[in-house]
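S.K.: Using the sequences and the accompanying hints, generate a full structural model.
Order-wise, the sequence lines are chains G and D.
For what it's worth, full-length UniProt numbering labels the leading residue of the first sequence as 1, then goes sequentially.
For what it's worth, full-length UniProt numbering labels the leading residue of the second sequence as 1, then goes sequentially.
It should be emphasised that the hints constitute simulated quantities derived from the structure, not laboratory data.
Given the structure is predicted, the values throughout are model-derived calculations rather than measurements.
Hints may contain errors.
In silico lysine-lysine, PhoX-like type, Cα no more than 20 Å apart, as pairs [said to hold, decoys possible]:
(1) D:LYS444 <-> G:LYS558
(2) D:LYS174 <-> D:LYS31
(3) G:LYS285 <-> G:LYS321
(4) D:LYS174 <-> G:LYS558
(5) G:LYS267 <-> D:LYS405
(6) D:LYS315 <-> G:LYS435
(7) D:LYS456 <-> D:LYS444
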Amino acid sequence: MDETRYEDDDFEGTANKKYTFFVIDGNPAMFETTKEGEVPEFQAALKLVLDEMVRVCCSRSLNNHIGIIVTGTKNSETEGLENSTLLVPMGVLGQEEVNTIKEIREDEDLPSAVSNLTGGHHESDLSNVLNYCKRVFASCPNTRHQSVIYLTNNRNPFGRDDFWESSYFKRTKTAVTKIIGLGHRKTLGEFSVIILPEDEYKPTSKEEKSKEPWYQLDTEVFSTECDAAARIRQKITAQRSHASLTVNIGPGVNFDVSVFSMVMEAKPLDHSQKYTFDTEEKIVKTAGYVSKKAKSELEGAGNDDDETPIDETQKTLQRCKLLQEEAVRNRRDLKKSIVLGGEKIILDGEQYEFMNEVDSKGVDVIGFVPMNRVDREVSVVSSKIIQPNDQTTLGSTNMYRALLDRCWARQQAIVCKYQSRSKQKMRIVALVPFKKDMTLIEPSSFGDDGEEIEDKKPDLLHLEQQRAQVDSSEWLHEGFMLVGLPFREEIRDDFKRFEEQQTILTSPPTEGQIDTMKQFVKKLTMSYNPSFYENPRLLSERSALCLEATGEELIERKDTLEPYYQIANRLQRVGPQIEKIVETFGLTDEVKEEKVKPKAESRKRKQAEESGSQPNAKKVMTIRECIAADQMSKFKKTELLEMAMEHCEAPKSANRKTKDDLIELIENYLDENPTTTWNI
Amino acid sequence: MPPKKKSSPGATVILIDAGSNMSEKSSDNGKTDFENALSTADWIVSRKLFSEDPELFSIMSYNIGSDYTSESGKIFKGVAVHSEEFAPAKFDHLKFITTELQQNTENTEPNFFQGVLAAVHLLKEHVIENPNPSGITLIVLTNGMNENIRQENIDLLVDAITDCQADLMIIGIKENPEYPASRLAELVETLEGRTYTFQNVASMLSNYQARQKSERKFNKMWDIAPGIRLPVTFALKSEKSSALLKFKNADSEGNEMVRLEQMHVETQNPVDTGHDVKSEDISTADSASKFLPKNAKNYKAVENIKTMHGYNFGKSVIMMDPEYLKEKYNDHNFNEGQTGGVLKLIQFTKKANILDSYLADASAKTVLPSLNSPTSGATKATVALIEAMLSLRVAAICRYTFHAKSHVQIVALLPHRDEDTGVVYLRSVKLPFSDDMRTLKFPKFSFDEDEVDSNKPTVAQLSVVDDLIDCMQLEETVISSLVEGGMSDPKLQMQCHFLKSLVLHPNDTMENRSIRTNEILDIIMAPKRKVETESSGMFQKLNREFNLQPIQKTKRERVTVEPEDIQTMISEWADKKLKMSSQDDESEEGPSQKKKKFNTSGTKKISRREEVRMEIVETDGASHVCSKMLEMISNTCKFQPNGSITGFFQLLINELNLIRSVFVETSRCDEFNELLKKLKEEEDFEPFAAVLAEEKSCNPISSTEVSTSDISYSDAAEFWEE
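M.R.: See below:
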């Protein structure tokens with residue numbers, strides 16, 4: 001409990017505001033359709049911005065301030081902003097701002113809708129816009145994060161190949177530098193460029209990159225780690241550390257780290273504020289502490305009578321009186337009592353605090369253990385990562401990296417005493433190293449990775465780990481992960497349960513039985529990344545709120561946690577394996593009982609999916625038949641991508657491949673896995 | 001009280017030898033056997049006390065000067081009984097053990113025989129009134145060095161103890177005891193009891209225990225395919241311990257206090273205007289009007305009024321009708337309502353895909369095949385599936401609801417094999433949803449060959465870290481204690497210790513606690529301290545290789561000031577300014593008069609400018625003026641930013657410009673330029689610096705103004721641009 005409370009700091013109070021300007025390039029090319037079937041880039045840009053606006057509005061925090069500017073306009077109505085139009089001034093978003101952008105985006109004649117606002121196209125100077133942004137940031141209080149995100153389809157607006165010589169580029173570079181800041185302020189400044197369309201060619205080699213003007217201004221512009229939407233989100237929601245601590249290695253050897261939470265439950269939307277239905281008056285809550293006796297007397301009195309409105313009202317009044325006259329409002333003014341060993345012990349607040357206080361803030365290294373001795377699954381704190389902090393101790397990064405390199409190579413974890421703040425619980429933690437490069441692990445510790453694998457194949461395992469990284473690069477960070485080791489009171493011993501299993505389940509399954517299951521498991525083994533599954537509750541809340549606020553279901557309400565067998569093609573995929581299981585384990589009776597319902601459901605789904613499918617796949621064919629008939633090119637890229645991810649363990653990142661690459665990927669996979677096939 | 005049908009709590013007699021024979025000193029800790037006996041008894045009772053164990057105790061001692069006469073008139077020589085009434089462990093017991101019980105230093109006839117008989121007598125009486133106890137135990141704390149029991153008495157004791165079905169435990173007899181202690185060891189052997197040395201038990205008893213928690217097991221059917229449901233049992237594996245001792249909120253008398261909430265609408269209308277029918281009823285109702293406190297706000301009951309939820313869409317408040325939410329969205333709950341919740345297979349994935357960083361909180365559970373029908377196909381299928389998952393190194397991802405109404409969750413089932421029993425099982429952990437993952441970005445640690453890597457550790461650095469890892473390898477016992485959950489929560493230990501001390505030695509509580517806290521920390525850090533003394537050279541080497549230098553930082557405290565306060569302060573200043581300017585027509589420099597506030601008198605008739613000039617020409621005056629200014633700005637920057645702070649800043653800027661002009665007049669510049677540099681660079685002044693940067697009205701003094709300045713005109717003009 002105490003551990004989670006302060007992690008919520010982000011939601012509280014006035015501290016830590018984040019300011020973001022979206023700057024959308026308004027040059028005429030943005031309104032043209034470069035590729036058939038795709039929307040003009042300006043519209044794509046608006047969609048990216050709108051999605052993020054909606055996201056921000058549907059979060060619990062009011063600390064994200066956003067402004068939107070379109071460049072290259074005839075009008076220059078805002079002071080200090082030349083030939084650019086301020087669509088949304090910097091501030092906390094609300095219904096009105098979202099609907100403004102939504103209406104523009106939905107307008108059938110986008111160019112004229114925009115030119116109504118902007119007065120038509122006129123060249124503008126990006127550096128002027130950036131300077132305007134910087135001035136706005138400077139005038140805002142509590143800035144902790146200032147960010148400008150520029151969306152454009154122009155790879156080089158600076159007019160010449162030797163752009164670095166142009167004064168326009170130099171001006172812009174200076175303006176960008178001002179926004180980013182020189183790093184000696186607390187504020188984090190960022191400038192990001194999103195080049196549209198997203199799937200345009202991106203240089204990969206450093207040499208090539210450095211020839212691109214935008215790369216000079218934003219080194220992440222060609223990053224392929226995540227898509228544009230995710231990059232925007234990163235820029236808007238970058239997290240600050242929740243503690244800065246000193247690590248003591250030994251006498252006189254200290255370095256500093258910052259602790260970051262990697263995962264934190266996104267809570268349901270706040271709707272604790274209630275209003276009366278008819279008059280929409282705010283309902284206020286008065287609360288306080290009263291003696292248990294007084295409360296039960298009050299409640300007891302009401303229960304004797306019939307529950308009529310007057311009685312309710314009287315009760316309300318009684319409660320109010322009690323609260324006003326007798327209640328202790330502040331919990332800190334209360335004492336704490338406990339009955340133990342025949343004594344009632346009463347502690348005042350000071351004693352209570354003193355009793356619980358341990359003052360040993362920081363991280364104190366106790367020693368090293370092999371990584372496989374740390375059971376990370378039973379960690380009692382949500383996952384955190386520590387990163388070196390050179391700002392308070394010079395050389396911290398150096399020390400941290402030396403530890404990381406050696407601990408990773410030798411697969412060692414560091415056991416420490418850990419306390420994040422003096423009032424927080426003191427814990428024993430393990431700092432578990434992680435680096436992306438598996439080849440750095442030294443052979444001596446290669447085999448005993450702690451994974452309980454039947455047939456130890458470390459090479460294979462490492463291959464799988466390496467592959468896992470491709471898919472989750474968003475969430476993978478090199479460094480020491482902090483694992484909270486449980487105290488005796490926090491962990492249960494399974495020994496008795498295992499013993500019981502051992503005595504009762506005497507006949508182990510046969511090879512054949514296990515093999516039947518393996519076939520089933522293999523068919524349903526797919527890649528995984530937390531971004532696959534959204535919290536259906538939050539999604540639904542956001543969808544409802546959005547519908548109410550904008551009149552449109554901008555967020556689709558769906559249950560992302562459907563079991564595979566409610567998705568027709570997945571169920572089909574394992575049809576034979578399920579039958580084999582039923583047969584092998586003699587489950588026929590049970591299946592008969594239950595078969596009716598799910599089947600009906602899946603049939604419904606199947607119909608729905610078929611009606612949505614496209615003409616050239618109307619006839620049910622297997623993928624192999626499709627390849628044989630040379631019909632692969634008839635699929636759309638998105639369909640191919642879906643198939644590749646669904647059936648061929650392709651990573652999400654495959655969407656950066658071209659259509660032909662995807663076809664090749666599927667064909668290769670089918671060659672390597674002769675038993676795999678699916679219907680289309 | 002009528003005897004209950006179920007078994008009553010166990011009954012234990014702790015019988016302490018207080019004879020002169022107990023003065024013998026232990027070679028281990030230098031304490032006498034009597035002291036060790038008391039401390040052992042103390043721990044036995046304390047542990048039961050804090051874990052709120054229902055076991056009943058009676059404390060007795062023997063080999064003392066007085067005799068004990070039972071209710072039935074039997075006399076036991078040299079025996080004392082704390083209380084005939086058996087009771088759960090309580091502080092009274094501890095008081096008796098630690099303060100009341102005194103050792104009898106005179107040589108007396110050995111009374112072991114009498115003591116045990118008395119204990120058995122009490123146990124028998126107890127069992128008659130509370131039949132069917134869950135256990136009967138007799139613990140004797142003695143070194144057995146004063147005994148010469150005749151064989152016939154031994155036989156009597158064997159009969160008596162067997163008769164009341166007590167387990168005999170003797171603590172304090174050395175290993176391989178000599179005569180006469182060996183006689184007692186023989187007695188224990190005959191009765192199939194146990195003997196321990198004081199050292200044995202000390203290591204077992206040295207920690208307080210938490211209350212026993214329930215097992216919390218529950219069954220689920222795991223849907224892996226239409227109609228295929230595998231029965232599994234979940235059991236809690238790890239959880240974050242919250243309050244281990246349950247404190248209640250209380251008033252000063254210790255009466256429990258509970259939270260009371262009242263929802264109401266604050267209306268502007270007086271209650272008796274009669275607009276609201278209900279309000280009218282209240283005001284006319286005789287009884288109710290008495291309840292109305294005099295200055296009370298007007299309360300309107302809301303219990304029976306239909307309400308709306310207010311959701312925030314950014315800054316807009318969107319009203320939602322809860323009934324509509326229920327009807328259309330089922331209150332955003334996707335639970336299909338199966339009793340007992342669900343566990344449904346969504347997909348399998350390679351175990352490597354479940355990264356450590358996904359694990360949200362302590363939610364690990366052990367999942368085993370249910371044992372209701374061990375030979376059924378479903379149970380076999382479960383075991384086969386876990387085996388298959390193990391060999392393919394995959395985890396199952398499932399939809400999970402705890403019961404029919406809870407919101408849906410996503411869990412991973414990870415296959416494991418227990419090393420000792422070979423049993424295969426699943427570990428269930430909660431997985432995050434996409435929104436739960438935080439987007440983080442860190443500087444990278446791995447570099448391509450063509451990139452510059454400025455922090456790359458040197459070979460020497462890596463090698464000394466290797467030494468460190470070798471030196472600080474934890475021993476097996478430490479691993480099982482620290483890493484594998486062997487250690488009890490220090491917080492619990494400290495709480496118990498504190499409470500015990502508060503009851504038994506109220507005056508020394510604070511000191512006791514500090515000692516104990518340090519003891520606990522010492523125990524935790526012991527492995528490191530050992531390395532520190534043994535390999536101090538290695539740490540020196542580390543220190544040399546990594547030149548770690550802390551950066552001194554000035555602490556800045558945040559002062560919270562309400563907007564109203566600032567308003568008042570500003571208006572106060574403004575008032576003063578008015579007064580001042582009426583006194584000495586220097587209205588142009590009015591704003592700077594606020595400085596007067598710090599200079600106390602409002603009667604001096606010199607202008608602020610004069611004042612500054614006078615100060616600056618003094619020795620060190622210039623730097624004094626600047627540091628005072630800096631302090632003022634720093635103080636102002638500590639306020640919570642809001643609208644009125646800008647007014648403040650404006651005043652400060654005026655003052656700053658005034659100082660600047662005096663500096664130029666007196667041909668000085670260094671101190672002032674230094675001041676501006678500080679404002680720009682130190683983060684404490686950030687809010688103010690931002691305003692200055694925005695205004696650009698106050699630049700450093702350039703060489704065109706004061707020739708000694710080393711700042712050029714253009715540099716000064718662009719000072720705030722960077």
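S.K.: Could you work out which of the previously given hints the structure breaks and list their numbers from low to high?
M.R.: 1, 4, 6
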